[in-house]
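*Asks:* For reference, the chains in residue letters:
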Amino acid sequence: MKKWLLIVCAGLLAVLSACSSGSADNTNAEGKVELDFWTFWGSETRRPMIEKLIEDFNNSQDEIVVKHTYVPWGDIWTKNLAAIAAGDPPDVIVNDIRTVKIRASNNQVEDMSKWVDDDLKDSFYPHLWDAVTYKDKAYALPFTTDTRMLFYNKDAFREAGLDPEKPPRTWEELKEYSDKLTVKNADGGYEQVGYYPNWGNFTTHDWMINADDGKGLMEGGEPTINTPAKKEAIQWMYDWKQELGSEAVQNMKAEFGNEQQDPFISGKVAMWAEIGTFYKQLEEFGGDLDYGVATMPAYNEDTKPWSTGGGFVMEIPKGAKNPEASMKFIKYLTDVEAQTYWGENNFDNIANKEATKQITENLDGKGAEIFQKSMESLEYTYLSITPPEYPEYENLVNPLIDDALNGKISVEEALDQAQKDVENSEQ
Amino acid sequence: MSLKENIWGYIFIAPWIIGFLGLTLGPLLFSLVTSFTDYNVTSQMNFTGFDNYKRMFTMDPLFWTSLYNTVYFVVFSVPLTTAGAVIVAMLLNQKMKGIKIFRTIYYLPAVLSGVAVYFLWMQLLSPSTGLVNTVLAWFGIDGPAWLFEPEWTKPALVMMKMWSVGGGMLLYLAVMQGVPKAMYEAAELDGAGSIRKFFHITLPMITPIIFFDMVTSTIGAFQIFQEAYVMTDSGEGGPSNSLLFYNLHMWNNAFEIFNMGYASAMAWVLFIIVMILTFLHFKLSKKWVYYESGDQK
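In order, the protein sequences belong to chains Y and C. First residue of the first sequence: 16, per the working numbering; consecutive thereafter. First residue of the second sequence: 16, per the working numbering; consecutive thereafter.
If you're looking for bench data, these hints aren't it; they were derived computationally from the structure. All C-beta atoms in this analysis are idealised placements derived from N, C-alpha and C, irrespective of residue type, glycine included. Wrong hints could be hidden among the right ones.
[Unchecked claim] Which stretches of chain Y does chain C cover? Using the computed rule of at least three CB atoms under 8 Å from a CB of chain C, they are:
(1) 92-98
(2) 263-269
[Stated by the list, open to error] On the chain Y side, residues computed to face chain C include the following (Cβ under 7 Å):
(3) 58
(4) 403
(5) 407
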């Protein structure tokens, strides 16, 4: 009888071990190195693009074959960490630029510094390069980035008697223009709102950075939240909200979420902050909407038109089998040719400076105008980097700002409390 | 002979045992160990003693916010849904034409699945065009911006939960129909009206199911997560963190910033809270639950 038990157990063990045994190295039958490349680009527009880039790379040389694995946005980084823990990570992955330092400090990415020289470093925008380095070593190469700009409705400008070629350049002008562009309807609601600082893609944190002349909520790895300029930014938003009526603001926000059409395209809001890829949406759904694009207004005449941005990087997860081959592929993806292709077709801002220049030469019409503007905006774009010591700071700050904007506590109290809470959360 | 039978027995239940050890008990113990470390999914797993627990109770303001939000939700949603289910079941426990159609209608919401329902409710609760506020406006009430005002977000969710009392209703309906007719007849002979019959016959007879329903729905309510994750901007906990529930905070720690040690500690604290509450439920149940067949020990 025991024999039976033995056989059953042996069978189970065999099944279990079969599950865990992977090939020891990544070379395939033809002696080429095989790389597994994880992205979350599965959409109709992006998937063919990344696959074309991969195909071009595979055809360009005969040592490395890259295979694309699509992992949905919600899963990709969790799965990546699980795979790193299991010792079988992908060879290359696209990841968030704001958290490279966290992964570097947790030993989750390979150090690239031995393959990096000054030429490579100088081919990227400096603020992106800062984001991918930790303790003077590079842990990723930047791939794309973005920057928020102000899209404005030229027809609405004309109707309000404003010059459609002169977008607002300062906070003062923004408010003045918005007042002129705001139209009430018969029953007390709004036919059109000129602008409201907490809608669109440029909200509380962004305006705080804009007000503080490009200084973030975290500087040098330490919280800098309750500065006078940042308090002023929230106060400014609070006053604006009171003027429009907080109920009206909430109601409209709720409706934006339910409507099929974007509030800027439908003419509900005359000025709207978005990233460059908004152009694709305007092109597809905007009809004959006559619009312009500008850099975000500056705090006053003496400060710069600070915007904010994010982006994605290419990195090699810790424990990848062929880091050198992975690096070759990453270099290709971040080099001029691939970057130009990606930027031109996708309207993402790209990390490579030379490629950005080429794109502006290749584009024409509205696309060129927007891309040109985004390059201007990139000069003063702040990239919020999550410091490893305070991974949660946004979750602590946001509810207090909400409370301040809802008038529950004063702006002063809210930001002082936020500063204190974040300081206490150091890990 | 009996040894041989035992071995065969174990072989037959082996799939379950392996599943239990590998997929339930193993991870459970792992998370207990993890809760005393700074585990972050990849390399590090240093023993840190009670640091995670200390941080939770003394340094993390969001822990208290999330616990408050969750307890608030449990305190309001459990009694309301239970009472709602009993009342609906009572109304549907009548003999009249077409009652089956009504039973089906009231049960329908319980069939619809999660995320789609949340999206539906986001439309219903929309401040100026939503159905809820439109109906309130007929009575001259200016409805709030449900999901956007911190004071109204949790009541909105409790109200949403009321919509799906159909599941509990079905249980109550079944047990109500099992109450012996003789009791009602005897009560009628003594001149009892329908309210008296409900409080003195129906309600005591269905207390075991009420008890079961309360225990399971308390546990379920503590686990509230998806509603907040789906119905708030980028799943961050709603305005002023008014929808940051315990599990959402735990999830953020585990899968947003990969602080698994802390998240595991949170999970164990929740487990202990729910254990204590369930224990109290059982203790208190002796005072109000009636078992027809005598003491159920």
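*Asks:* Now tell me, hint by hint, if it's right for this structure.
*Replies:* Status of the hints after comparison with the structure:
no. : hint    : result
1   : 92-98   : holds (count 3)
2   : 263-269 : holds (count 4)
3   : 58      : violated, 19 Å
4   : 403     : violated, 10 Å
5   : 407     : holds, 6 Å
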